[in-house]
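Protein sequences, first through last, are from chains A and B. Here the first sequence is numbered in this note's numbering, starting from 24 and rising by one per residue. Here the second sequence is numbered in this note's numbering, starting from 147 and rising by one per residue.
By construction, these hints were calculated from the structure, which means they are not laboratory data. Errors might be hidden in some of the hints.
[As the list claims (entries may be wrong)] Among chain A residues calculated to face chain B with C-beta under 10 Å, some are:
hint, residue
1, Gln50
2, Arg51
3, Gly76
4, Ala77
5, Asn94
6, Arg95
7, Gly122
8, Ser124
9, Tyr133
10, Phe138
11, Arg141
12, Tyr146
13, Lys168
14, Thr169
15, Leu170
We put the CB at the ideal spot given by N, CA and C, even for glycine.
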Amino acid sequence: MKKVNKVFYVVFLSIVCFSVEAQTEAQRIDLCVKTAGDVEFLYDYPTQLSGAGAGEKAPVFRKAIALRKGNRYRFTICTDEESAGEGVLQVYDENKLIGSSFNTETGAEYQSFDFDCRKTSIYIMFISFKEGKEGSAVGILSHVKTL
Amino acid sequence: MFKYAFVVTAIALAIRALVSCTCSRTPPGEFVVPDSVYRVTMKTHEEMLKDVADNLSSPIETASLFKSLDVPFSQKYIASTKHLSDYNTSYAKAFNLGVFGTDLGYINMYGKTSLVSVYIIAMKNLADGLNIGQFFNYATLKRLSDNDRNIDSLIYISQQSFNRMDRYLRRSGRGNLSAIMISGVFVEALYLSCRFYRETSNQRLGESIAEQKYLLAETVKMLSLYQSQKEIADLIAELSTIEAAFAPIEVGSEEGSLERIEENGAMRVVQNEKTVVRYTTEQLDNIVSEIENIRNRLIK
């Protein structure tokens with residue numbers, strides 16, 4: 024009977040932990056959507072990456088995204104409070120950097136940046152963490168307006 | 147039992163605290179773009195498509211364009227839900243879920259909340275039929291549709307529900323249904339654009355239709371990953387007819403540099419490289435006719 028109680032408790036605790044985790048992720052997305060401002064939500068990208076070991080490549084989340092000419096889009100990154108690394112969101116057109124939430128030259132950081140798209144194409148969005156540390160963050164793609 | 151519970155809880159919390167340990171922040175200047183970023187961007191386009199691009203078909207931009215051009219809302223162009231009971235196959239369910247998704251986006255953007263409940267009931271029905279109804283936030287959408295002031299939340303929850311259904315299909319090995327659903331969104335958005343173009347002959351609307359040539363090709367490429375399935379092969383054949391109508395349209399790009407504008411601490415990137423399309427009125431009329439025929443055939 025005691026053994027049954029133990030098993031029941033462990034299963035119960037696992038379910039509670041999982042539920043809390045899921046709820047927290049949904050809350051983090053909601054908060055980040057609010058941070059994006061008065062825009063139309065398109066996609067969310069909750070990202071959790073492990074840290075890079077010595078001599079290893081830093082893990083990166085990547086996603087292909089279609090963007091249309093004549094639209095202003097907003098990219099937003101919200102690093103989770105408990106994250107070790109600070110999240111950075113970058114958008115590339117093939118190998119050309121279009122925009123980044125972090126300017127390596129000036130050190131300036133932007134929680135959001137807007138992109139006035141004039142070329143309909145598939146762009147690549149990356150989310151990574153500074154210095155290849157482990158971390159968790161939410162990226163948001165939203166539509167600001169028709170240009 | 148309580149003593150045991152306390153010990154287990156304490157251990158669980160300690161592990162969680164260790165896992166989520168917050169370490170010192172990195173000074174901004176020390177950030178280096180990981181090499182993997184550059185490595186990954188060297189992937190071929192076809193390899194990237196296997197991940198299926200997000201936003202390949204988005205009703206939000208389409209409806210936003212209609213609104214910016216002051217195109218009035220028109221209920222007669224959106225798909226009727228009266229054929230719902232005829233959608234018996236997974237293919238028909240997924241395609242029409244996409245079609246209704248576009249219509250819901252259009253309805254939401256125009257704030258026509260009285261129509262929302264009809265479409266969310268239909269979408270819930272189709273989503274349940276595909277075993278993805280748990281990702282469609284029907285209860286919240288229903289509640290939000292009762293109040294005209296909830297438009298932003300309606301758009302957010304509708305889009306999020308759609309994304310979650312789509313992601314689950316891909317993750318659960320049903321990428322074929324995701325591809326069909328995305329095609330449904332694409333066809334309906336293009337159809338609405340064509341109907342309003344026919345009504346208004348608006349040049350900006352005409353350009354936006356012509357610019358879809360590129361994304362139509364991407365949609366067909368995505369479907370081609372599953373072309374061994376008869377229903378998808380049939381859908382590709384239908385879309386190929388539209389592709390043929392698009393064929394004479396010239397799509398190119400004009401070179402230009404990027405401008406980075408910082409205003410009040412916010413960054414805006416302006417792209418001066420731009421898509422350029424060349425087409426004639428006859429070519430556009432041909433596309434409009436084809437898309438109308440195909441869309442009406444596919445939703446029956």
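So, going through the hints one by one against the coordinates:
1. Gln50: violated (13 Å)
2. Arg51: violated (13 Å)
3. Gly76: Because about 13 Å separates Gly76 (chain A) from the closest Cβ in chain B, which is outside the 10 Å limit, the hint is violated.
4. Ala77: With Cβ-Cβ at 14 Å, over 10 Å, it is violated.
5. Asn94: Because about 5 Å separates Asn94 (chain A) from the closest Cβ in chain B, which is inside the 10 Å limit, the hint holds.
6. Arg95: Holds, because the Cβ-Cβ distance from Arg95 (chain A) to chain B comes to roughly 8 Å (cut-off 10 Å).
7. Gly122: Because about 4 Å separates Gly122 (chain A) from the closest Cβ in chain B, which is inside the 10 Å limit, the hint holds.
8. Ser124: At about 8 Å, which falls below the 10 Å cut-off, the nearest Cβ of chain B leaves the hint on Ser124 (chain A) intact, so it holds.
9. Tyr133: holds (5 Å)
10. Phe138: Nearest chain B Cβ about 5 Å off; hint holds.
11. Arg141: holds (4 Å)
12. Tyr146: Status holds, d = 9 Å.
13. Lys168: This interface hint holds because 7 Å falls under the 10 Å limit.
14. Thr169: Hint on Thr169 (chain A): holds, closest Cβ of chain B at ~4 Å, below 10 Å.
15. Leu170: holds (9 Å)
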